[in-house]
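Engineer: Residue numbers are given in the numbering used here: position 96 of the sequence shown equals residue 418, and the series is strictly consecutive.
Check before you lean on any hint, since a few could be wrong.
Computed cross-link-like contacts, BS3-like style, restricted to lysine-lysine with a CA-CA straight-line distance of at most 27 Å [said to hold, decoys possible]:
id	residue 1	residue 2
1	K1337	K365
2	K408	K386
3	K365	K386
4	K1369	K1337
5	K1419	K1337
6	K1403	K1369
7	K435	K408
8	K435	K386
9	K1142	K1175
10	K822	K801
11	K1251	K1419
12	K590	K547
13	K1189	K1125
14	K1125	K1142
15	K1251	K547
16	K365	K435
17	K365	K408
18	K1415	K1337
19	K1189	K1142
20	K1415	K1251
21	K1175	K1125
22	K1172	K1125
23	K1172	K1189
24	K1419	K1175
25	K1415	K1403
26	K1172	K1419
27	K1189	K1175
28	K1403	K1251
29	K1175	K1415
30	K1093	K1125
31	K1172	K1142
For each label pair, taking beta carbons as the anchor points, the in silico distance ranges come out as [stated by the list, open to error]:
id	residue 1	residue 2	range
32	T1109	S1059	25 to 31 Å
33	T504	E1266	22 to 28 Å
34	D1158	S1059	28 to 34 Å
Derived by calculation from the structure, the hints in this document are not laboratory data.
In this text the structure is predicted, and so the values were computed from the model without any measurement.
Every residue gets a Cβ at the ideal spot worked out from N, C-alpha and C, and that includes glycine.
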Amino acid sequence: MGMGAGIARRRRHLMAGFMATSIVAGTFVWASEAEAARLLTVKANQVGRYARIAMTFNSAVPVKARMSGLVLLVNFGEPTTPAPEKIVSDIPEFVSMVRRDPDGTGMRIALQKPYRLNVQAAGEHVFIDLLPEDWSGLPPPLPPEIVADLVRRAQLAEAAMKAATPIVQPRRLALELSRLPTLTRLSLRLPPDTVARFDETGSGTRLTIPGAWRIDDGAPRGRTKPAIETLTVENDADGARLMVSPAAEYEIRTGRDDDGVTLDILRKAVPSDARAAPVDGKPSPDSKSSTDGKAADAKAEPASKPASPLTATMQKQAVAPQVTAPQKTIILRPAGPGLAFPFSRQPAAALFERAGIATLVFETAETVVVPAGDSVFETVSQPRRQGAFIVLSFRVPRERLLDLVPIGDADAPTGWELVAGENLSASEPLSAIRNPEVSGRIGIGIRLPHPGGATWIERNGERIGVVTGYGPKPAGIPKRQAFVDFELLPSRQGVAVLAKADDLLVRPDMDGVVIGREGGMSVSGVARPAEPALTAVSDLAIERTPWDAARSGNIGENLRQQLNDVVDAPRPARGPLRLILARGMLANGLDVEALGVLQVAASEDPVLAGQRELAILTAVANIQMARYADARKALENEFLRADPEARLWKGYLDAMAGRWPAADTAFRDTAGIIERYPDDLQGLLRAAAAEAAIENGDWAAAGRQITTALARAADRSVTDRLAFLRARIDEVTGQTSAALDTYTRLSDTADRPIAAVATLRAAILAHALDKMPVAEAIERLETLLLTWHGDEIEQRTIAALAKLNMEAGRWRQAFAASRKADALAPGSPISRELHDSAQELFDDLFLTEKGAKMSGVEALALYFDFKDFAPIGRRGDEIVRRLADKLVELDLLDSAGELLQHQVDHRLSGPARASVAARLATIRMMDEKPLQALQVIDATYQPELPEDLRRARALIRARALSDLSRTDLALETIEAESGPDADRLRADILWVGRRWREAGEAHEAMVGEAWRMRKPLDDAMRSDIIRAAIAYGLSNEVLGLERLRAKFAGPMADSMDARTFALLTQPNAVRSQAFRDIAQKATKADTLQAFLKEYRKRYPEVSVPQPANADGAQVEAKASEPPPSPKG
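Whole structure, please, built from the sequences with the hints as guidance.
Structural biologist: Printed below as a string of structure tokens:
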């Protein structure tokens, strides 16, 4: 059947081509009557043993040629204008002279020796071939570009003919098969009003659908056992027919509803007589009365009314016990004018209000028209379709309430009515509830009864998610409900959600409506009290005059005298004296000693312990020792919340912690306090204020702070820090040369903290200015990383080193640096930013061309060493799939299969799961595990898949079945498939199944018309011819062998397989030992690699690459080179 259909198609194609060529030729002849033809070009060239003269006219001109001795006479059917030609110079070995006829009706060509002529015309082209007299075989063919042009013209002519007489293309109806524990169901989805008829034919059932329909039975192929004995489909011009015959112990029940038709195949029920026969053989009184009642009911039924298939199905089921009829639903319509929207079946609907506009949404494929009604209904927008939804808008009328009520039977309504009344009908109020998810995130749920679909409406820059509801009783949101991420709009039916977040998700669920975000919903927290207003302070804990006095004179003697004063004073008077002593020690850098004095003072005097001076001095002492946590603890006392001096030092602590906005605000609010401080502390505080201003982008304020601080600070560490901050301002304001010079100077002369950070900035800036190559910059930062540890400078050095490694293509070092930063400071913004950059790099390396230069081994090592940087979600899944391809290229099939098996089992769903399952099945086939490949394909079956994906899975399934020796099921699986890949797979299946005659015909059909082309046969063609000859010989198919020899004896004689072909096609060759040797080698040949090669070409998205140790070429059965044996 397949070969016959192919021959018929080729014949129809050739006939169409000849008809189109004739039409075109006729057109050119008609045009030639209006003006004389012109010979445009004359070219000649030598091709092997013959020469070809090609003439091109502006229209079709009949040309004749004949030999007269050694002269070639060329006659044109009509006078033509001449064209330049170089025949003599083009083919001097064939032609010695050319002369044109004076009247333009031909030319004469003197030849070097006699030749045979072959004249071919193709439209406006004419080809004259000069063939040797000993030429044998078919004449040379037309050039391929000329043939292609003729085919194009034929297609255009055929298209024009079809356009004149359009043919109605049959519409596809997908036949779906599903299994339940009690039955097997075949279903067809039919549009409304489609005629379908069931007829019983013996034990089977025939479904007839007249009209332009085509039933596609590709999905159930190979999956019908054990319930279905046979399943056949007939598609023709009259319609489509489906024939189903159940197995011996099964029966068919048919049904029809609005969505289509179903055929349920289930086991035959046990006869009721056997179940209910009484023990004594006599009917009981109850059964008798029941029988009499049924007889009476049967007499009351009209005799002429036939039973429908659905009724017959119900009668076959057991009689259900009688139950009390449910109470009929009653919905009262409010008084007022209304607009009725009738439908063939009531759709899901939604009605909500926003800014005085009522929006009505219907989920229907039917056309909706606003009916004429009361003037109270003012239409804002006409019905517009948005996917599967129709959206209408009305202005909310004054002093009226809009309601949406069902119309028709309350239990089976057929539409909706929009009512404008003074009150509302009874409805079910809805509200939002918290819905914790399994991942720990928070979602919002709304229990909408019978939810429909969801859509998004764009209006005035707002996004409103709408979920419709079926009713019949209206259910909506009674009043507006505001949340952090969204707002629930008032609705009478359905749910409307105004989105405040771009990634808000609104979808229907089994329990109603689910609202969420990818990272979880934002929930309300505990409100923090506002910062209190700062109070005025007359006396500071640190004043300029006492501080400077403590730093002058004989410092040691002064401190000794203050200590003696403390010792000599009575206990109640020691507290203030200790504060004076501690302040003097702080002024002179004796921070540890000062802190000890303050602690003793607090322990001896509880009143002093609660005063601001002691707390602030304690904080300053801890700050000067870099004990920032203890300093903040000292400033967290309640009595210091509104203290401006405490606020100043809190700002300094914020700056040390990198909280720049809070620090900058604190320094601005306490500028007057800083002015009252001594110069050395002003330098320290103004340096921190300048850095906070720089980090917040206020270069001018930072510059003012630096200028003031430089005029007052004397400590070298402070001046170096201020110089570094000035260089930072120069860098961001474009004065990069000055900034680089300052960084370089500070890296050589400043103290270690400033020198380290200056070295870091110098390397980064020099590389950015192309004054330092990336390798030297990396070397400097690696040296710095070895000599400086433990603070933000180390974090920034690691981050800069990672980015330079990324730039240099040193991926492993970049990922290692990012991992080191994560370990050093997991919560640091620098570490988080670096981690995000590493994730982006990981993403680019495995999903873009950035990582194309990586070898397979390098890519695998990089992934498994740093897979914690892999993204989550779909992109992470794609990386895993590409990694599986890398594993396949390295022939690590087991590892690749484990990766994809995890994806199929735990990560994916829908078509994506089916696609990855096809890749996994391919790997199982390559690993010689056809049973596992079949199990993967069957476990991920879905009735509705894209056509290419469905076809790819069918081919893999058929190949697996063939390798399991289930030949009939494999052929049935791809019975409806066509194309070169399906034809080759079908031939391989027949070969493996040892169906020799059919295998020979399949291999011969794949070669096609190659024997006519007079071109050398390629390796694949010769392999198919050899296999066909072997198959015909093994099946003793004499006619097939003679046909093969007649067609391919010439082409095969010029190939390296000439001796093998001659041996295989000679009479009684099958009895020879040489034939048996060749046949044995061919039957052992593995064709899986050839199948996978074609599969990869056709379906690159669901296939895996070729392993590095597999050549992928098709195995050929040759006498001179035996085919390889299969693996294993």
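Engineer: With the threshold set at 27 Å, check whether the alpha-carbon distance from K435 to K408 stays at or below it.
Structural biologist: holds, 19 Å
Engineer: Has the hinted range 28 to 34 Å been met by the Cβ atoms of D1158 and S1059?
Structural biologist: For D1158 and S1059 the Cβ distance comes to about 32 Å; the hint holds.
Engineer: Are K1175 and K1125 close enough, with their CA atoms no more than 27 Å apart?
Structural biologist: Within the cut-off at roughly 19 Å; holds.
Engineer: K435 and K386: Cα distance at most 27 Å?
Structural biologist: holds, 20 Å
Engineer: K365 and K386: Cα distance at most 27 Å?
Structural biologist: holds, 17 Å
Engineer: Given the hinted pair K822 and K801, is their Cα-Cα distance within 27 Å?
Structural biologist: With Cα atoms ~18 Å apart, K822 and K801 stay inside 27 Å; holds.
Engineer: For a C-alpha distance cap of 27 Å, please report whether K1142 and K1175 respect it.
Structural biologist: holds, 26 Å
Engineer: Hey, K1093 versus K1125, does the alpha-carbon distance stay inside 27 Å?
Structural biologist: holds, 17 Å
Engineer: Hey, K1175 versus K1415, does the alpha-carbon distance stay inside 27 Å?
Structural biologist: holds, 24 Å
Engineer: Below or equal to 27 Å on CA atoms is what counts here, so check K1172 against K1125.
Structural biologist: holds, 15 Å
Engineer: K1251 and K1419: Cα distance at most 27 Å?
Structural biologist: holds, 22 Å
Engineer: What's the verdict on K1419 and K1175, does the C-alpha distance respect the 27 Å limit or exceed it?
Structural biologist: holds, 23 Å
Every hint from the earlier list agrees with this structure, and none is contradicted.
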